[in-house]
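A.B. asks: Residues per chain, in single letters:
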Amino acid sequence: MTLACPWYECDSRLIAAHQQPATLIELCLSRGIDSHRLLRGTGLFIEDVPNADTLISPTQFLTLIDNAQRLLGADDSSFLFGQRLLPGHHGAASQALALANNLQQALELLGELRALLSPLLSPRLLLDEQHAYVYWLDSCGAGSQARFLLEANMTAVVAMSRRLGGEHLPWQCHFRQAPPRYIEQYWVNLGEDLHFNRPYNLLRLPRECLTRAWPQTVQSTAQVACQQARQQLHDLGAEASLLDTLQRWLFRHVREAPNLDHAAAAFAMSPATMKRKLHKHGTSYQEQHDQIRMLVALYLYQVKGYSNDEVASHLRFHDATNFRRSFKRWTGLAPSALLAVLRG
Amino acid sequence: MSNLLHHHRLKLTALFLAANLGLLLHLAAGDLKAMAEWVWLDVVGEGGSALLALVWLGLILKSRPAGRVTNLLAIGLSCVFFSWWIDLLDEFIRLPDSVVWDHWLESGPMPVGLLFLTYGIYHWHHEQLAISQQMEKRERLSREHRLFDKLTPLGGADYLRRQLQLSVQHSAQAQQPLSLVVVDINNFDGINQRYGHDEGDRVLQAMTQLLLLNVRQQDLLCRLAGDRFVVLLPATGETLANQFAGELAEAVRHLAHKSRQHGERIQLSATVATVMALQETPDSLLQRLNLALAKAKRPLALSA
Chain R
88 MTLACPWYEC DSRLIAAHQQ PATLIELCLS RGIDSHRLLR GTGLFIEDVP NADTLISPTQ
148 FLTLIDNAQR LLGADDSSFL FGQRLLPGHH GAASQALALA NNLQQALELL GELRALLSPL
208 LSPRLLLDEQ HAYVYWLDSC GAGSQARFLL EANMTAVVAM SRRLGGEHLP WQCHFRQAPP
268 RYIEQYWVNL GEDLHFNRPY NLLRLPRECL TRAWPQTVQS TAQVACQQAR QQLHDLGAEA
328 SLLDTLQRWL FRHVREAPNL DHAAAAFAMS PATMKRKLHK HGTSYQEQHD QIRMLVALYL
388 YQVKGYSNDE VASHLRFHDA TNFRRSFKRW TGLAPSALLA VLRG
Chain F
282 MSNLLHHHRL KLTALFLAAN LGLLLHLAAG DLKAMAEWVW LDVVGEGGSA LLALVWLGLI
342 LKSRPAGRVT NLLAIGLSCV FFSWWIDLLD EFIRLPDSVV WDHWLESGPM PVGLLFLTYG
402 IYHWHHEQLA ISQQMEKRER LSREHRLFDK LTPLGGADYL RRQLQLSVQH SAQAQQPLSL
462 VVVDINNFDG INQRYGHDEG DRVLQAMTQL LLLNVRQQDL LCRLAGDRFV VLLPATGETL
522 ANQFAGELAE AVRHLAHKSR QHGERIQLSA TVATVMALQE TPDSLLQRLN LALAKAKRPL
582 ALSA
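Line order of the protein sequences matches chains R and F. Taking the working numbering, I'd label the letters of the first sequence as residues 88 to 431. Taking the working numbering, I'd label the letters of the second sequence as residues 282 to 585.
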């Protein structure tokens with residue numbers, strides 16, 4: 088079960104078939120979908136799904152999602168899946184979530200146990216003085232399934248906070264995409280505070296909502312569940328995917344403007360291998376680097392209140408003009424224009 | 282496919298035997314033509330027609346519940362197929378001039394089949410009228426099966442948008458008000474959690490029936506998304522719409538839905554809101570309706 092390297096890739100078999108995949112399979116079967124057609128091309132057999140040892144790779148899971156989406160043929164599939172995801176029935180990790188003290192603890196656990204709870208899309212929690220932000224980055228090359236995964240994961244977090252906290256929280260949702268045709272699904276599952284055409288996919292919440300005590304905590308049981316979940320994560324041998332690990336490394340080293348060679352050296356592989364691995368995940372070093380630099384720039388602007396020059400020098404651009412040009416390439420808008428949109 | 286064979290075993294066996302019998306009779310009475318004598322245009326034309334008749338028969342049997350109308354259509358199409366089949370055999374087998382029964386086999390079943398088919402289609406028409414009556418309050422004027430909701434027997438959000446487009450125009454021309462009511466089940470997620478998602482689905486189906494009983498004949502009920510339903514009320518002002526909305530909420534509160542597993546009552550309640558349509562697009566109208574609902578939900582944010 089242990090993987091050779093400290094991260095998992097899109098073809099590493101580490102997702103327990105009886106957890107998230109089974110949730111999706113059950114949803115499809117309850118809608119009368121034929122199991123053979125659902126599992127076609129996934130390399131998974133229906134009789135193996137309830138087996139605790141059956142592990143599938145992110146690519147297999149993505150194929151399953153693709154099949155499910157096509158066969159269900161409905162706008163609400165991702166949301167129905169998301170409602171069933173958290174805290175879910177994923178063993179100790181789910182139990183630890185369900186017994187968390189408050190939302191902040193639950194979100195921190197979700198981040199820590201992401202390889203178990205959200206293996207395809209890695210969630211991150213960011214706090215500033217007023218707000219908490221939860222955002223997601225693609226961790227296995229989701230391709231055309233990216234939107235399905237995002238809808239499902241956002242729905243899952245919103246539904247979990249309502250379920251465990253017993254109240255509707257004033258979530259604000261930001262999406263990179265334009266408003267979808269089926270906006271009513273967003274209203275019903277995510278609320279009314281929706282913002283499209285943004286530079287990131289995130290949920291925002293006033294910070295005081297994070298620390299309101301949840302009613303169902305059982306301290307000792309929660310601790311045991313956490314320990315068990317951490318042990319499972321340890322047994323898995325990988326805490327995060329390759330893309331996720333790279334993204335975190337880029338966040339840490341963003342001030343040094345690292346290039347592919349630096350990254351490859353840090354990951355103990357040749358630049359060619361790095362390039363090939365990223366290509367396998369449908370992305371490139373440039374794309375990952377740009378994505379992180381854009382997020383850091385927006386963080387510096389919005390949270391730290393930096394000026395153009397300060398952001399440019401933080402990200403090691405020669406001058407502000409150069410930076411503005413790059414920023415426009417990342418987001419489609421110049422910094423001032425984008426910030427006006429975000430404030431508006 | 283196996284279902285099709287199972288239900289219509291007799292009909293299909295009879296057709297198969299008849300087609301074989303025709304073939305055997307031809308083989309017994311005549312001799313095979315050489316390949317050079319085949320007229321390809323006739324082979325393709327007559328063979329293709331026979332094949333199409335068979336496809337129609339398959340589609341009819343597969344898509345319709347068994348019954349009188351289905352039987353009439355099946356007999357009609359079987360006769361048509363048989364006629365074309367015998368016609369096709371002529372192309373490969375030469376019968377001596379003394380044989381006359383082949384004309385009867387070829388031309389006899391066709392008019393009989395067409396008569397059956399016509400009679401069947403006539404009854405199909407009546408059947409459709411009856412079904413349309415049952416679809417009342419769930420569709421207005423136009424049907425598009427691709428826009429049907431997959432869970433409840435209602436139109437989905439896209440069907441509603443199309444109908445809104447038409448209704449907004451129509452009400453502007455007729456100078457009549459048009460109102461919308463939205464009905465949203467409170468704490469539906471809680472029902473899913475407590476009783477399971479299958480029970481949640483059954484609650485939605487029960488709600489559909491309940492709401493249909495409580496709207497007028499000219500109204501249209503659609504499922505917007507999840508546990509949210511919308512009623513389109515033509516020629517209805519805001520006061521009346523508010524009254525209807527209150528009645529729907531009352532009806533939901535009094536619905537004594539029982540869970541399938543243990544038969545206990547699931548206490549249901551719903552939040553309702555109304556808007557009156559102005560000259561606007563369906564999207565902005567639905568947006569306003571949604572905001573009105575959010576406002577109505579706020580006081581009970583804790584329980585919803």
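Certain hints may be false.
[Said to hold, decoys possible] Covered stretches of chain F (in silico footprint by chain R; criterion: 3 or more residues with CB under 8 Å from a CB of chain R, positions within the stretch not fixed):
hint	stretch
1	316-329
2	446-453
[To be verified] Below 16 Å or equal to it, Euclidean Cα-Cα: the simulated EDC-like pairs (lysine to aspartate or glutamate) are:
hint	chain 1	residue 1	chain 2	residue 2
3	F	Lys578	R	Glu96
4	F	Lys314	F	Asp378
5	F	Lys578	R	Glu374
6	F	Lys576	R	Glu279
7	F	Lys431	F	Asp482
8	F	Lys431	R	Glu254
9	F	Lys578	R	Asp377
10	R	Lys415	R	Asp377
11	F	Lys431	F	Asp479
12	R	Lys367	R	Asp162
13	F	Lys576	R	Asp280
14	F	Lys539	F	Asp482
15	R	Lys367	R	Asp98
16	F	Lys578	F	Asp482
17	F	Lys314	F	Glu408
18	R	Lys362	R	Glu374
19	R	Lys362	R	Glu96
20	R	Lys364	R	Asp162
By construction, these hints were calculated from the structure, which means they are not laboratory data. In this text, a Cβ means the ideal position worked out from N, Cα and C, and glycines have one as well.
A.B. asks: When you check the alpha-carbon spacing of Lys578/F and Glu374/R, does it fall within 16 Å?
C.D. replies: violated (43 Å)
A.B. asks: Please work out if Lys314/F and Glu408/F have their alpha carbons no farther apart than 16 Å.
C.D. replies: violated (48 Å)
A.B. asks: Does Asp479/F sit within 16 Å of Lys431/F, going by the straight-line distance between their CA atoms?
C.D. replies: holds (14 Å)
A.B. asks: Taking only the CA atoms, is the gap from Lys539/F to Asp482/F under or equal to 16 Å?
C.D. replies: holds (13 Å)
A.B. asks: For the stretch 316-329 of chain F, do at least 3 residues have a Cβ located nearer than 8 Å to some Cβ of chain R?
C.D. replies: violated (count 0)
A.B. asks: Between the alpha carbons of Lys431/F and Asp482/F, is the straight-line distance 16 Å or under?
C.D. replies: holds (11 Å)
A.B. asks: Would you check the hint for Lys576/F and Glu279/R, treating anything up to 16 Å between C-alpha atoms as holding?
C.D. replies: The hint holds at about 10 Å.
A.B. asks: Tell me if the straight-line CA distance from Lys367/R to Asp98/R falls inside 16 Å.
C.D. replies: holds (9 Å)
A.B. asks: Taking 16 Å as the top limit, are the C-alpha atoms of Lys367/R and Asp162/R close enough?
C.D. replies: violated (29 Å)
A.B. asks: Between Lys578/F and Glu96/R, does the CA-CA distance stay at or below 16 Å?
C.D. replies: violated (44 Å)
A.B. asks: For Lys431/F and Glu254/R, compute the direct alpha-carbon distance and say whether it is at most 16 Å.
C.D. replies: Measuring from Cα to Cα gives roughly 30 Å; hence the hint is violated.
A.B. asks: Can the restraint linking Lys314/F and Asp378/F be considered satisfied, given a maximum Cα separation of 16 Å?
C.D. replies: holds (15 Å)
Violated hints for the displayed structure, listed by number in ascending order: 1, 2, 3, 5, 8, 9, 12, 16, 17 and 20.
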